[in-house]
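Dock chain G against chain X, hints included.
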Amino acid sequence: MSLAALAADFAPAALPPETRGFRREVRDFLDSALSGRRPRDRAKTWTGWDADFSRALAARGWVGLTLPERYGGAGRDHFHRFVLVEELLASGAPCAAHWIGDRQSAPLLLKFGSEEQRQRWIPAICRSEAFFCIGMSEPGSGSDLASVRTRAVRDGNGWRLNGGKVWTTWGHRSDMMIALVRTSGGPEDRQKGLSQLLVDLRAPGVTTKPIRLSYGESEFSETRFDDVFLPADSLVGEEGQGWAQVNAELAFERSGPERIYSALALLDLWTRHLAASPDPRAVAALGRHLASLATLRSMSIALTARLHEGLSPVVGAALLKDLGTATEQAIPADIADLIGPDTADAELMATLAFLHQLSAVFSIRGGTREILRGMIARGLGLR
Amino acid sequence: MLADAFERLLLAHCPPALVRRAEAGEAPAALAAELLSSGFLDLLVPEAAGGAGLAPADLFPLALAAGRAAAPLPFAETAVARSLLARAGLEPPAEGWILIAPPSPLHPLARHATHALVPEGDGVALVEARPEGDDPWGTGAATRLATGPRLARIGPVDLAAVAAALAAARIAGLAEAAAGLTLSHVATRQQFGRPLSGFQAIQQAMAQLAEEVIAARTAASLAFAGADFALLPAAVAKARASEAARAVQAIAHQAHGAIGMTAEYDLGLFTRRLQEARVAHGSEGHWHARLGAARLADRDGTAADFLQRAMETT
Numbered sequence: 001m002s003l004a005a006l007a008a009d010f011a012p013a014a015l016p017p018e019t020r021g022f023r024r025e026v027r028d029f030l031d032s033a034l035s036g037r038r039p040r041d042r043a044k045t046w047t048g049w050d051a052d053f054s055r056a057l058a059a060r061g062w063v064g065l066t067l068p069e070r071y072g073g074a075g076r077d078h079f080h081r082f083v084l085v086e087e088l089l090a091s092g093a094p095c096a097a098h099w100i101g102d103r104q105s106a107p108l109l110l111k112f113g114s115e116e117q118r119q120r121w122i123p124a125i126c127r128s129e130a131f132f133c134i135g136m137s138e139p140g141s142g143s144d145l146a147s148v149r150t151r152a153v154r155d156g157n158g159w160r161l162n163g164g165k166v167w168t169t170w171g172h173r174s175d176m177m178i179a180l181v182r183t184s185g186g187p188e189d190r191q192k193g194l195s196q197l198l199v200d201l202r203a204p205g206v207t208t209k210p211i212r213l214s215y216g217e218s219e220f221s222e223t224r225f226d227d228v229f230l231p232a233d234s235l236v237g238e239e240g241q242g243w244a245q246v247n248a249e250l251a252f253e254r255s256g257p258e259r260i261y262s263a264l265a266l267l268d269l270w271t272r273h274l275a276a277s278p279d280p281r282a283v284a285a286l287g288r289h290l291a292s293l294a295t296l297r298s299m300s301i302a303l304t305a306r307l308h309e310g311l312s313p314v315v316g317a318a319l320l321k322d323l324g325t326a327t328e329q330a331i332p333a334d335i336a337d338l339i340g341p342d343t344a345d346a347e348l349m350a351t352l353a354f355l356h357q358l359s360a361v362f363s364i365r366g367g368t369r370e371i372l373r374g375m376i377a378r379g380l381g382l383r
Numbered sequence: 001m002l003a004d005a006f007e008r009l010l011l012a013h014c015p016p017a018l019v020r021r022a023e024a025g026e027a028p029a030a031l032a033a034e035l036l037s038s039g040f041l042d043l044l045v046p047e048a049a050g051g052a053g054l055a056p057a058d059l060f061p062l063a064l065a066a067g068r069a070a071a072p073l074p075f076a077e078t079a080v081a082r083s084l085l086a087r088a089g090l091e092p093p094a095e096g097w098i099l100i101a102p103p104s105p106l107h108p109l110a111r112h113a114t115h116a117l118v119p120e121g122d123g124v125a126l127v128e129a130r131p132e133g134d135d136p137w138g139t140g141a142a143t144r145l146a147t148g149p150r151l152a153r154i155g156p157v158d159l160a161a162v163a164a165a166l167a168a169a170r171i172a173g174l175a176e177a178a179a180g181l182t183l184s185h186v187a188t189r190q191q192f193g194r195p196l197s198g199f200q201a202i203q204q205a206m207a208q209l210a211e212e213v214i215a216a217r218t219a220a221s222l223a224f225a226g227a228d229f230a231l232l233p234a235a236v237a238k239a240r241a242s243e244a245a246r247a248v249q250a251i252a253h254q255a256h257g258a259i260g261m262t263a264e265y266d267l268g269l270f271t272r273r274l275q276e277a278r279v280a281h282g283s284e285g286h287w288h289a290r291l292g293a294a295r296l297a298d299r300d301g302t303a304a305d306f307l308q309r310a311m312e313t314t
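Residue numbers (this note's numbering), protein chains in the order written: chain X, 1 to 383; chain G, 1 to 314.
Next up, chain X with everything else stripped away, as it sits in the complex:
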């Protein structure tokens, strides 16, 4: 892939006009559903768990928006999903409960799952009756994901699972995990011998617990599998193809507005604060972040258009995520720089404190900065 080919992933695109009415519909719902929500809570967006909110969204058909109607989805296109996600994030909606199932698990099952798996799980995801998480990292396997040691061995018609996962987002509240595990060979076989398995997190032998973070939140969890029996239809897709299947999800995971808007609630709160005392340095910093956000938003819409065309712009998505998370991190860091002795705004300080602490994770979760840059370099033919 040359630089020109990478640039082609970002060929300019616009949201089609027919998404405008849908945007108003979503906005009206969010205005009433989230009225009175404090900025510090809005700042959690897709890391905030609220099952009732996810069910209310599902009742409107807005979970599984792009999935086929025969599986309970809404059959809308990726542009509509962009608009929905943009509105959810910009308004600070607590999306965590349905987020992973909606974004990754259901599309994965649609693409690689058996007909039985699709019928069993996709409608449940679309109704927010089943919440999914993805089991990837392990205590010894972070960025080096191909070194996973959790192992499933055949047991009759099913599987017997042993090992553990860590840093699973909301694993302790989820119903189901799609875990990347070894089904043959050893860690030295790397990407070969990995498979994706559906794990019922309430099955005997599964224990999950939240990981307490230094700033007190606990959206991540640690899971242990002790001789967990998995029924015959637990394998997703093909045995040994787990790595390729995981990679097929990455364009979805990394191309969306959630890699741009994580600090938007803070930026908006700060904008209101600045209106009263527009220090020129602060006004310029606001403009800098807006210029970055406008650019990133356009890049995300371009990648959405590629998804709409049926492409999987994995390298482009890595590039967007790396650039986007840099801006998401710069917003709290720069605002901290511009707080003066006369800044007296408790909500601003609380929101700043939350996002400044959380923001270190932006360039770690979903692929670290270094891994993403390595992917881009490989995409450019340098490795």
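Treat the hints with care, since some could be wrong.
Simulated restraints on C-beta separations [unchecked claim]:
id, chain 1, residue 1, chain 2, residue 2, range
1, X, 68, G, 257, 48 to 58 angstroms
2, X, 326, G, 187, 18 to 28 angstroms
3, G, 8, X, 14, 23 to 33 angstroms
4, X, 339, G, 293, 13 to 23 angstroms
5, G, 8, X, 56, 23 to 33 angstroms
6, G, 187, X, 312, 21 to 31 angstroms
7, X, 337, G, 298, 19 to 29 angstroms
8, X, 115, G, 293, 27 to 37 angstroms
9, G, 275, X, 213, 37 to 47 angstroms
The hints are simulated quantities; they were obtained by calculation from the structure and are not laboratory data. Note that the structure is a prediction, hence the values are computed from the model and not measured. Idealized CB from N, CA, C, for every residue including glycine.
Just chain G now, with coordinates in the frame of chain X:
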């Protein structure tokens, strides 16, 4: 395709040797003749006035290509000026190369220009123009323009927005050219027994280089998405492209090492222009302040709402 044909024209008639000769003062007469006879300059001119009647988005890939070639003539500027004149029912000056010249510390591409659109009261005047003052980066820019009497007058046009939009596209093209040279260099230059591209530090820098090139290109394209060059998209374009100019010239030189500083190697053709274009027509700091002020004057809704309003094209 239009852009491919234009690219071929530049490959044939605007090689680095011509750019160097133009820097030394030689008029790029053959390139000028090719461009004038090609019809590309009338891309935006309405069909009724004999042009192609296309939109700024169609000019964008050509403006990028002109930047990539470090073309020493104000191609995109002249194309826009001709359409502004034509829409006012006026003939463009024959064989004129027209700058878009709002107040600026530096007027890029002035060396071989003949005319300029300048602000005059609440409108815009077409005047003869030639470079004066200094050419600080040796790129054919001028710190001042000597202008003649008004030749024609057209209604209000935000020249600062037009100039910023076109400068952003030029930066995006120059950044691609600098990045292209850099990627080839790191793939071929051997140190410690392997190509530079074998080192992780270089790989990570090249990824950042690609990110900045694509951010510049995307930002610039926003300014070309509408029927006209609107102020806020142009502000985003020039702000983000100028940020990229800063990063790209630094990464490109660092990866090249000493060879990148030499006159015989082409990198300097592009990085000198990246520095020059960054400060012309408002650097990133200027446009950041304008954008921030625009947001404070229009505080409805979230930042995402503001961006939709500001970037919305008609």
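Inset, instruction - Give me the numbers of the hints this structure contradicts, sorted from smallest to largest. - result: When the structure is compared with the hints, numbers 5, 8 turn out to be violated.
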